[in-house]
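J.: Please assemble the complex out of the two chains, which come individually in their own frames, going by the hints.
The listed protein sequences derive, respectively, from chains E and A. Numbering follows full-length UniProt numbering, with no gaps: position 85 of the first sequence is 85. Numbering follows full-length UniProt numbering, with no gaps: position 64 of the second sequence is 64.
The hints are simulated quantities; they were obtained by calculation from the structure and are not laboratory data. Incorrect hints may appear among the rest.
To be verified - The calculated SDA-like cross-link candidates involving lysine to any residue, where the alpha carbons are at most 20 Å apart (straight line), are: (1) A:K172 - E:N308; (2) A:K83 - E:Y104; (3) A:K83 - E:V109; (4) A:K83 - E:L205; (5) E:K30 - A:K83; (6) A:K83 - E:N308; (7) A:K237 - E:E189; (8) A:K172 - E:Y104; (9) E:K30 - A:R174; (10) A:K172 - E:L80; (11) E:K30 - A:R177; (12) A:K83 - E:A201; (13) E:K30 - E:F46; (14) A:K260 - E:L37.
Claimed, not checked - Label-pair restraints from in silico Cβ distances: (15) E:F255 - A:V99: 49 to 59 Å; (16) E:R222 - A:N125: 50 to 60 Å; (17) E:R108 - A:V61: 21 to 31 Å; (18) E:G142 - A:P30: 33 to 43 Å.
Beta carbons are placed, not taken as given, at the ideal position from N, Cα and C, and that holds for glycine.
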Amino acid sequence: MSTTTDLKAEQRAAKPVLQLGDRIFSGSAKGAGILILVVLAGVAIFLFSEAFPALVAPASEIRGGNGLVAYIWPLVFGTLLSAMIALAVATPLAVAVALFITHYAPRRVAQGLGYLVDLLAAVPSIVYGLWGFAVLAPASVGFSTWLNDYLGWIPLFAGPVSVTGRTILVASLVLAVMILPIVTAVAREVFLQTPKLHEEAALALGATRWEMIRMSVLPFGRSGIISGAMLGLGRALGETMAVATVLSVSGVVTFNLISSSNPSTIAADIALQFPESTGLAVNTLVTSGLVLFAITLGVNMLARYIINRRREFSGAN
Amino acid sequence: MSIDTQRERSPERELDTSLDAMPVIRGQLPRWSPWVGLVAVVLIVGGVLSATGLSIGLFAVVSAVVYAVGMYTASRVVEGPRKATDRLVTIIVTAAFLVALIPLVSVVYTVVSEGLSRFDAEFFNSSMLGIVGEGGGAYHAVMGTLIITGLAAAMSIPVGLLTAIYLVEYGKGRLARAITFFVDVMTGIPSIVAGLFAFALFALFFGPGVRMGFAGAVALSVLMVPVVVRSTEEMLKIVPNELREASFALGVPKWRTILKVVLPTSVAGIATGVTLAIARVMGETAPLLVTVGLATGMNLNPFDGRMATLPVFAYYSYVSPGVPREPSLERAWTAALVLIMIVMALNLLARLISRVFAPKTR
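Okay, chain A solo, but in the shape it has when bound (with noise of 0.2 Å):
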């Protein structure tokens, strides 16, 4: 560009043109013209490979890449390298914003398609105690979740709140910066990490070989925690200082002011941070194939023996089927389909949340 202006502007060029005879602006693609051009691409591109035998993969590639090039081309012609470069990069945004979809809609659909053939009451009902080949269900991994993640955020919502509210309202000096650097740590622990650090511990008093669901739960906060305790500190820091100033004129003492005060306004973004958080932990697989593995039959009691859950439910149903293969494998997406539902409500929760409990501003 820097280069275009200035042979413009250069001098000789002035000279040998008069001004009558420069165009004023460049000449301009008209403004429908990508849209034309788009549905001419598709049709010929279609047209061309539907007689060749049609692949939606192939024609969505050749298409794409024949626009690109006839769109440039046509506005180098017209318009110049600048606008021509412009119409280009637009043209690859997009297309890699729509490529970024494909995985999202192709999980999506094949795991509602290969799911719901399984989605029914005796899903719902049944263990897999005693079940070969067809039938059962997934009741006690949908159990065993439930059961775990809530120990989970039992055990971290309190500790995470309180360690924001340390580091956001009490919190200087070394103590906090340390903890603030520890926390940022605890985010990048691999969930197969933090499986190993609760077997550790937990073989260190029960013995080789533990599986227990609290052992899960535990395992499940170290990952929970850091998230808590970050959601919940940016949502400590946007509440305004004039509203404790406010409060302490008025003699309140701080930890009211907390409680009364500050937790109040901020409790949508906390709200919203949790439930991500929950959803979160809620899908880690990991860290519970280590130290919880798997169980066929209803195991309520977190503190005795493996339990089921559902991501582990639906990789153990998917790798090693067994024989027939093909009810174990139906299974496994159910199981999958349950577990992308649970999550994909929490975080619509979350946001409808934060949309309608966010502080009134002004």
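Looking at chain E on its own, in the form it has when it is part of the complex (with noise of 0.2 Å):
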């Protein structure tokens, strides 16, 4: 509706003589629009004219001395896996969250409530570092080895457990706690909502409150909670501090989550590397960066996608 009017509003103000401020306007509006492409341009072809040295140079002369792929292969590999540890925490974590708040909590409540859960998004990612590497590191070598005890069989807690607990597992655990407001948020949203007839009419069939919400909640929210995650997963992928700081790396490939040796990520890498590099060295960072700017470019586009195909059908918004 907004759109029709809109237009007919534009072709009524189109006929008249444009005014001088009328041009001035809308041509800096305009124009502050494409600077923000320009400046995304800019971003693609400064990243690449830095990183080109490195593509070209002779694998001997990279860190590590076997060429850009294995310098940057381990990276993506601890990258990855630290995310999706944190998104396999968060995204359960957050649906129930995001439950409570709009289905459970108290109403008067609810808001103030769902208020406390974004102040988790406003503490600065270098805080959650400190906190990782203060609190939260010391205080899981118990469970780790707790986990190496009873689940040593698993690869993935075979260890020796680290006695400083800057392990993987803790800097995806620090991840999850700050990728959580962002998958809460989206899927409060699309959880508030769901069509009020369809819940009031799942109650009135007798449906108990976990029936209701099982029935029309969760299927209505489904790709909202799915986009959510990606958005989280974005997030995770790219925050830099936390695990810079949490994280003790020793750049090798291994699933294993409480030994003290741990693949490191893209972004703490070069967070770590940096202040110290010149020459080949900081085009060597500024390709993982690119790599990672890449795969995280993926995955938010997934995730508009899955939002923006929602949308269309559902008719909300």
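T.: Below, the structure written as structure tokens:
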């Protein structure tokens, strides 16, 4: 509806002679939009120009001495592993929290509780890094030892257990805390959009609250949950400081979550190496940054695609 | 559930039980049962664990599990499986919410308790120039954060606002769609990549190894612009079209309509979005680490050399404290406390703005 009236307004406004102010104003608005496109093109061009020397350099000159792929692959592995664990922990928790806020908490305090969860997103990532290093890592040692004692036959918990607790498991848990508010916020939005009539119909048929949620709220919100999780994944992939502070890295490729030798992530590796790097090392780091950009870009575009597809058929918004 | 109802409706069942023998409703646990059950479980588990040596984490986990199992069993016996599942899910969902609050409480508690010891006048009055060990402060870092964030805001707010206005009021066709798409793309840029971009841009002009505050501001505005555009766009979209049409009908040109009608109507929401965007970039560490680095002394000129910023200051004070360690770690926690206070204050301010200046809806 709004678009049609908008169009009419446009046509009417377009007929008379355009004022000078109008031309300046619309021109600068358009210019700002184009500036954004230029900046984004600049991001791509400048990153490529800085990455280029590393792309053409002989393999022996790249750090590690085995070429670009050998350098970046363990980092990609670590990035994906930590982000996936974070996602596996955060998504069920976020759905439960969103359900609590929308359907279980007393109506009067629900908004305040939602704000409390949003505050989690406001804490700067460096603070999470310090917290993970100083609080969560030491606290996790007992839990990791328990995992190793009783579930040690699973390769994930093979050990030997790290004594500092600065493991990929802890880094992933910190990431999970950081993406929890994002996933929760998206899930909460779609749960609130569930048609009231569906919920009331289920309740009127004698469904319990959980049956009502399972039959009307969750099916309606499924794509919202998926896209929220993808947005969280994009954030977890690119998160830098928390991982750089918490993780004690050794650049290996391993699924062992609780030992003291952990794979690094792309973002953390850049943050750790960049200040001391010069020359070709900088170009190598920029190349790994490009890889990270490509990965997060793919994940985010998939998430947007799912959100937009849902918007079309559900008629929400 | 579907199986259950079918069985109850099936003809055989109606044949072999007379209507009088069927209870009209199932038994129900009394209303107070969840609370009394919870208190009982907490007391029992607490008693057992305190006899064997209490650990708060273990206590909470065991209590929750015992309570969930106990309520489920009791409800299943008295009320039947459907109600029992419902109660179990309620317990799980509530527990999940409490679990989600643990990190928030723990972070705030840790930062406040560790950071208060150096939250003194010296911290806000001195820089780290020539400081080894005790003393020193983050005055230079606070100023650096304010300058760089201010520059970033000064660059991204006009661009973001104008872009949002273009998208909502003028944009149609391919250009608008391209901008919308690429703003989405920008939202997903990892902060470290934004830092690398700014570094690459400035390295091209000033040679490799360039570090300056302005580069950091550019990196931050790459992160900030899409947030401003998104939130402003949402706010402009909900301005009723009737207001615009009324203004056009009075012969007001479009640009004055936007400036005098559309923007004032949505100013509260826009201010909220902008404040939240500032709060978000203020805590960014990674791009500043790459583009600005860290300085020990005061540097108020963002176009000349390294500057200190609060997040980077906290990071380096913590991971490379030097000898002795303690004073540096304390400074790191205090810097984190100051940072968290600024960000939380901005968040509260944003809520306040949106509440106080919200447009009156009838």
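J.: Could you run down the list of hints and mark each one as holding or not?
T.: The hints, checked one at a time:
Taken as a hint, the K172 (chain A) and N308 (chain E) pair is honoured in the structure, with Cα atoms around 18 Å apart against an allowance of 20 Å. Distance restraint check for K83 (chain A) and Y104 (chain E): the Cα-Cα separation of roughly 15 Å lies within the 20 Å cut-off, and the hinted pair is therefore satisfied. Of the supplied pair hints, the one linking K83 (chain A) and V109 (chain E) is violated, its CA atoms being roughly 25 Å apart against a limit of 20 Å. For the hint pairing K83 (chain A) with L205 (chain E), the CA-to-CA distance comes to about 15 Å; that is within 20 Å, so the pair holds.
For a cut-off of 20 Å, the pair hint linking K30 (chain E) to K83 (chain A) is broken: about 59 Å separates their Cα positions. For the proposed pair K83 (chain A) and N308 (chain E), the alpha carbon gap of about 37 Å is over 20 Å, so the pair is violated. For a cut-off of 20 Å, the pair hint linking K237 (chain A) to E189 (chain E) stands: about 18 Å separates their Cα positions. With a CA separation close to 43 Å, the supplied pair K172 (chain A) and Y104 (chain E) exceeds the 20 Å bound.
For the proposed pair K30 (chain E) and R174 (chain A), the alpha carbon gap of about 13 Å is at most 20 Å, so the pair holds. Simply put, K172 (chain A) and L80 (chain E) have alpha-carbon atoms about 38 Å apart, too far for the 20 Å limit, and the pair is violated. For the suggested pair K30 (chain E) and R177 (chain A), the alpha carbons sit about 13 Å apart, so the restraint of at most 20 Å is met. For the hint pairing K83 (chain A) with A201 (chain E), the CA-to-CA distance comes to about 18 Å; that is within 20 Å, so the pair holds.
Between K30 (chain E) and F46 (chain E), the direct Cα distance comes to roughly 24 Å. Violation of the 20 Å bound is thereby established for this hinted pair. A distance of roughly 28 Å separates the Cα atoms of K260 (chain A) and L37 (chain E); the hinted pair therefore is violated under the 20 Å criterion. Evaluation of the 49 to 59 Å hint for F255 (chain E) and V99 (chain A) yields a failure: the beta carbon distance comes to about 26 Å. Taken as a hint, the range 50 to 60 Å holds for the pair R222 (chain E) and N125 (chain A), whose Cβ atoms sit roughly 55 Å apart.
Under the hint 21 to 31 Å, the C-beta atoms of R108 (chain E) and V61 (chain A), about 30 Å apart, fit the expected range. Between G142 (chain E) and P30 (chain A) the CB atoms are about 39 Å apart, so this pair conforms to the stated range of 33 to 43 Å.
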